[in-house]
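There are 4 protein chains.
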Amino acid sequence: MKNVKITYIGGGSQQWALRLMADLALSEKLSGRLVLYDIDHAAALKNKEISAQIFGKPGAVGKFAVDVEETLEAALKDADFVVISIEPGPTEKRFIDLKIPEKYGICQTVGDTTGPGGIARAIRSIPTMADFAHAIMAVCPDAWVINYTNPMAWCTGALYAAEPGIKALGCCHEVFHTQEMLAKWIAETYKVDMPTRHDIKLDISGVNHFTFATDAVWKGKSVLQDFADSMKAGEPEVLSKNALDREANEDWFTSEFKVAEDFLARFGVLGAAGDRHLAEFVPWYLSSKQEINSWGVCVTPYEWRVKRSQNPDEARQKYLEEDLSPSGEEGVVLLEALAGATDELVRTNFNMPNMGQNPDAPVGAIVESYGLISENKVEPITCGILPSAVQALEDRNLEIQQLVLDGVMNKDKDMIFAGFAIDPLNAISPRASRALFEEIWQALEMDY
Amino acid sequence: MKNVKITYIGGGSQQWALRLMADLALSEKLSGRLVLYDIDHAAALKNKEISAQIFGKPGAVGKFAVDVEETLEAALKDADFVVISIEPGPTEKRFIDLKIPEKYGICQTVGDTTGPGGIARAIRSIPTMADFAHAIMAVCPDAWVINYTNPMAWCTGALYAAEPGIKALGCCHEVFHTQEMLAKWIAETYKVDMPTRHDIKLDISGVNHFTFATDAVWKGKSVLQDFADSMKAGEPEVLSKNALDREANEDWFTSEFKVAEDFLARFGVLGAAGDRHLAEFVPWYLSSKQEINSWGVCVTPYEWRVKRSQNPDEARQKYLEEDLSPSGEEGVVLLEALAGATDELVRTNFNMPNMGQNPDAPVGAIVESYGLISENKVEPITCGILPSAVQALEDRNLEIQQLVLDGVMNKDKDMIFAGFAIDPLNAISPRASRALFEEIWQALEMDY
Amino acid sequence: MKNVKITYIGGGSQQWALRLMADLALSEKLSGRLVLYDIDHAAALKNKEISAQIFGKPGAVGKFAVDVEETLEAALKDADFVVISIEPGPTEKRFIDLKIPEKYGICQTVGDTTGPGGIARAIRSIPTMADFAHAIMAVCPDAWVINYTNPMAWCTGALYAAEPGIKALGCCHEVFHTQEMLAKWIAETYKVDMPTRHDIKLDISGVNHFTFATDAVWKGKSVLQDFADSMKAGEPEVLSKNALDREANEDWFTSEFKVAEDFLARFGVLGAAGDRHLAEFVPWYLSSKQEINSWGVCVTPYEWRVKRSQNPDEARQKYLEEDLSPSGEEGVVLLEALAGATDELVRTNFNMPNMGQNPDAPVGAIVESYGLISENKVEPITCGILPSAVQALEDRNLEIQQLVLDGVMNKDKDMIFAGFAIDPLNAISPRASRALFEEIWQALEMDY
Amino acid sequence: MKNVKITYIGGGSQQWALRLMADLALSEKLSGRLVLYDIDHAAALKNKEISAQIFGKPGAVGKFAVDVEETLEAALKDADFVVISIEPGPTEKRFIDLKIPEKYGICQTVGDTTGPGGIARAIRSIPTMADFAHAIMAVCPDAWVINYTNPMAWCTGALYAAEPGIKALGCCHEVFHTQEMLAKWIAETYKVDMPTRHDIKLDISGVNHFTFATDAVWKGKSVLQDFADSMKAGEPEVLSKNALDREANEDWFTSEFKVAEDFLARFGVLGAAGDRHLAEFVPWYLSSKQEINSWGVCVTPYEWRVKRSQNPDEARQKYLEEDLSPSGEEGVVLLEALAGATDELVRTNFNMPNMGQNPDAPVGAIVESYGLISENKVEPITCGILPSAVQALEDRNLEIQQLVLDGVMNKDKDMIFAGFAIDPLNAISPRASRALFEEIWQALEMDY
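Chains as they are written, first to last, in our numbering: chain X, 323 to 770; chain U, 323 to 770; chain E, 323 to 770; chain Y, 323 to 770.
Hints were generated in silico from the structure; no laboratory data involved. Cβ atoms here follow ideal geometry from the backbone N, Cα and C, with glycine treated the same way. Hints may contain errors.
What the hints assert, rightly or not - Here are a few chain E residues that sit away from chain Y, every Cβ distance over 12 Å (derived from the structure):
id	residue
1	Trp338
2	Arg341
3	Leu367
4	Gly411
5	Phe417
6	Lys425
7	Met516
8	Arg630
9	Asp717
Stated by the list, open to error - Going by beta-carbon spacing under 8 Å, a handful of chain E positions derived as facing chain X:
id	residue
10	Ala484
11	Val700
12	Ile703
Please put together the full structure from these sequences, using the hints given.
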């Protein structure tokens, strides 16, 4: 067992911190210290309080001392790993991301990644992430940083923009769901036992939440064409009903992959993220609530998000009652590999500055790709080539990524606006687009 | 006087052929033979008939024998120059470009350059232009070809795709109007005599009809910032009224440059084409008739186009009654320079395959830039750099240009569809987008 | 155990075929059929004859039936894997590569990769490799091809130039030796047990035989700077004596890594190939026999090569007398991974067309990089960035690679000559350079 | 007549300052003030003294008041134009450039542009040029700067590296001589009156002194192929004798264009600079004095340079005795065009940071190309494409340019050495190369 110190920024979270503790409790390869840090210090203390319960559950093997620190610097001291998973501002700030654009006719399913909502969230997240980066490089420059915070590309980008020497990865589980969907389809189609998601080897390319699988290999055989041939478009009426049923059940996150499949049908590559994310990168699926529902997708409401955030203890309690089980996230697997606690190479997807893994994206842009993780070493794998029409859609997003990141880092409002103005969801009158931007700017209390 | 043979493909045109004859009649540097060729042979004959009247008008100095040939090959024989200015198909074919998309909620001001209408027109023009290219290279491979036909980028691109060794330029007067507008503004602002448009030296970059001026120099002084400072946004109500008044007067082509100026206000570069063209490249101005009118721009109706095409003799007669005057086009100036009939270097804008003049566009893409014309020599001048947000808009169009051109040249329907699907005006439901494409495809009687 | 059919082109070889059989005999994961094919049919038969002895040695676990076929097509039938390891022409052809350039003052240590000798060898190898590629794609298009033949970049490039859809890897052990040298240094420097070469994780970039390590990681720690700090330049006199001693012992292949280290001292990256290979890519070490000896390197003489080739049975006999031991090559490890006979990911170096793994090389050029091998899947890993001075040296070689490959594939003598003329070893008078080229051309009996 | 103020840095020069005065005296379009500045103040005063004689010669029409200033800042005040033509250090410093490399077996024909000599000269020129740039931007930021100083690429590059907003052009007459040579050949070949050099329109690409003509057009007709067909290689013996005869006559600068033609014969493009310059960029022509003489080229000796520099008054006196005649330089033509004193567009060659005019060179590198000059406006023309073998030679030089410029600007000795080490003329032992570098470094009294 390797002994490590892990610092968790956002350690007061009602969900992610508990899940990480569960995964650590299940790890046979790591032990040591976990330090929770959160601007909501009380929440971090609560998580520390219940940590013993998690590490004491039946099946727990990992041994971790859990502490809380009041300052970021104290929390980072001697850290081997830093996990960042925060919400930028209280949940009520999401009003800016979601409700203000709605007034101008722009509806977003998630609003945390791209579009006017994602950009608003980026404007307030980037400086925070830049501060984290400076603190990390001052206190524990050799630590590996795993970021889970959205908007993924902007948050990871801010870490590198502030401190180019930082060793940071952005991790996201969306691609896992695509593997799971394909695993299920394989079991049904080829009449075999359900493969695990790891048995499906994808080639992906793109930016986080707008990734595409250019190939899917199972047992050495490419199955993407078979999958494409077997797809059924789905009746808009049926899909709409499914969406409305889910809305009634507050089941916001289920995806029928009809948007992902629509990309495959029209352009030849399978969307490799949930439909609610994919839909936000193009002006096609979100023109109206009816349209997005007709793909089986619901809009996660602002009101539900606020409601949930107001009952953190309830979520914690519910989690404690469950049996110890793996979260499905790969964070601890990465920590094991980076710590040299395993000899196995880990091949997984992550977000990092492009150093060539995506030959069609600018060097330095934050892209998602597969890569290889081993002791203190991360090596991106060369991406497959996207069809040029899909790459053109990616290019737009990459350009917006750059403009908003540079704009916020340099306090250049015109540059941020330029990125905002060319966002595909922003297909409204230029006059309205300017008014929306100014309303967001004011709500964010920006002073430049 | 240099003796040259000029072949005019589309020589039955009721307007452009007469204007070229007028410019030739006014040229002190060229004489020779002009051969008209048109699939509407009768129309060409009519133009020949009235040619003597044009060359006989007071003020005419050029001496040209005007002939008509029945076959393209005969017309091209011994040509030094080939001018191409055709309408692809009878005007009624524009129903496909304009009225079918309208059914799906897509309204285009012109519909001959980009968007679903421009793509429909490209699909039927590209094979024709490719045929012209083959005939030219077979019969008169050393001739310079001046193309005036829209969609400019696709038609010029088809010439080069079919025959990479062809010597062709695509010429367009839109940039001239921007110079004229600035000349007027200079006279008013600096209280000087009105400069000629040639006194305003622009730097431009982009694709035809979506070009931008990155600088405007008058008497060695950059005036773009002064112009930007003096712009007034204009009241939407007033602009809408102007547009409706013009509609009532069938005055479709006047531009108040409010779209051009909106780009300058928001992104820092001045649109250098008429507003009715600029508006078609982005999803912002054409969301409704009200929106486009609020920028002072009218939609040229299909019905008016058909009506005009049905009275060609009327147009000819009207033209004959006018005094001989320069058309404002630069075709004959280019012919003089290319023929070596003048020692002066000519600096003008044209469309050619990118060989580096636009460092931000792919090599081989048809881009518009300034260049230098001299005897048998055309040299593009390096373009200014567009702001990256505007370049991102150009990039989308360049990608569509490539997909549709390659798709038509290789009879690859999926590739054409991919270009169609990512067109910014095509911001409709993917299901509707597919249906629209299929309806256009059927109306065009495509068989692949 | 996975059942596979392996076809060995060049199966009459006195060394490589035997080594592959030994590795197969030691494999616990593969069994099946090995088919030997060679234009020297008798040699292949001899190897078949002794195969039973190899598979019967103590310690052998793999079960392979060994056959010989008289035609390439018969040999390739149903192949899952094709191994190519040939000598292009009888060894006497090496006179052209080695002795003709010597007359013009150009001395090469190996002469099989680059320089006039490597180019001569490329001119005669490329058409042969292209023929292999066509046969493979006609008979067993799904087979993976492992090429061991030099010149590596040109031979692998010819396979892809002839058949872009081929699935081929070029494999070379030079990088292994760099790992072994570092392992030894680590044991000495850090006073630890000798690591295996697999414990040293290199980052490499470049072309085969001119690769450089931009980093070397052992137990998660970068050791390259320590290594650089500990290097001693070495006295030219001592190194010369070493070289001459080795010449006397016909020990041609030993490398003291002084050239490799010289690159590290001067440019910051460690040469990751034997010195006798590295020296041939620049005009610095081979100006005279004295110069190259002063780096501890000998020139492998043509005469010795011929002598060895004339006693194949002796080599075979010697091999049979040895105990069964792994060859040190990775071919069988790759076959196991590609066959899906193991669950472990294999990370190794190989040569493939650049698809982005080397962001500084042209797409399609044959570059060496690390990559990941799994069932029917090969994924290149993004290379480290070379210092720009070293990349400039690589660029020259990449340009020559392209000119000679394209030139031979298209029978364009001028293009081949252009590549030859700019080779760094060809720093002789242009008049002599032309004469040398023509003498080689004639000796190769080229007819275009 | 336009009234301008011209500042001449290096105004004490015994040749260039007088020639500029002569050209100004002959200009019908400019008048005003010429201010001479030189660190050798006495020399500048001498030139002022004789200025009246030049402006008073028969045929003089331009009216210029000539002044001398003691400080650079005073000289630059109100300047519209700045001409820079200096020798970096006393001529004796050329010992470092020429005689030290000779000790290591490296012989250079000129040694002011590239190779060890050019790099030594760059190391001492770049800081001086950077100082000029800072002074210009502080005092007269709108002035156009014409640099004549060698090494051209490094000196012009230093101006832009120090002050990216500077408006500077590097001008060189080498290409003019290629035009003149072709003019003479045209007269002889086509039996016509001798054209002027302006009648020969070249397409060029490359870096200064290593430019190549990809085409040569006369009267609208490409003549390069005819020229290539008519070339005769020349007997080495005869050429050697010519070279030795010229040495005896101290006629160092005459070129027979045999190196220029050798490039055309071998690679398809004509060297467009004097042979003594072209030869220094490749390792082929300067391997020995015999070799370079065999191309009809002499080595300009250090001793002659020193001798000449010691008799400046003699040179001045000789110049004063001559009739007033144009210098053949284009400086004043550029000043007229930039000042708006003429309506004609000027097409000429110059050196500027690449902004796309050379699609094969990095953006920002100093490249030579044609361009268009008009009032306060300079527009590069897109270069022709060099054959890839020649581009590979250019690439090496461009890489060295970058390493040495960045190295000197950032006082990074290792970076400068990296550029030095990969220079093609530096094809000596790495040990000798390091020793040579250190000897130069010490002689230059560098302190980092």
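Quiz item: Which hints from the list above does the structure break, by number from lowest to highest?
Solution: 9, 10, 11
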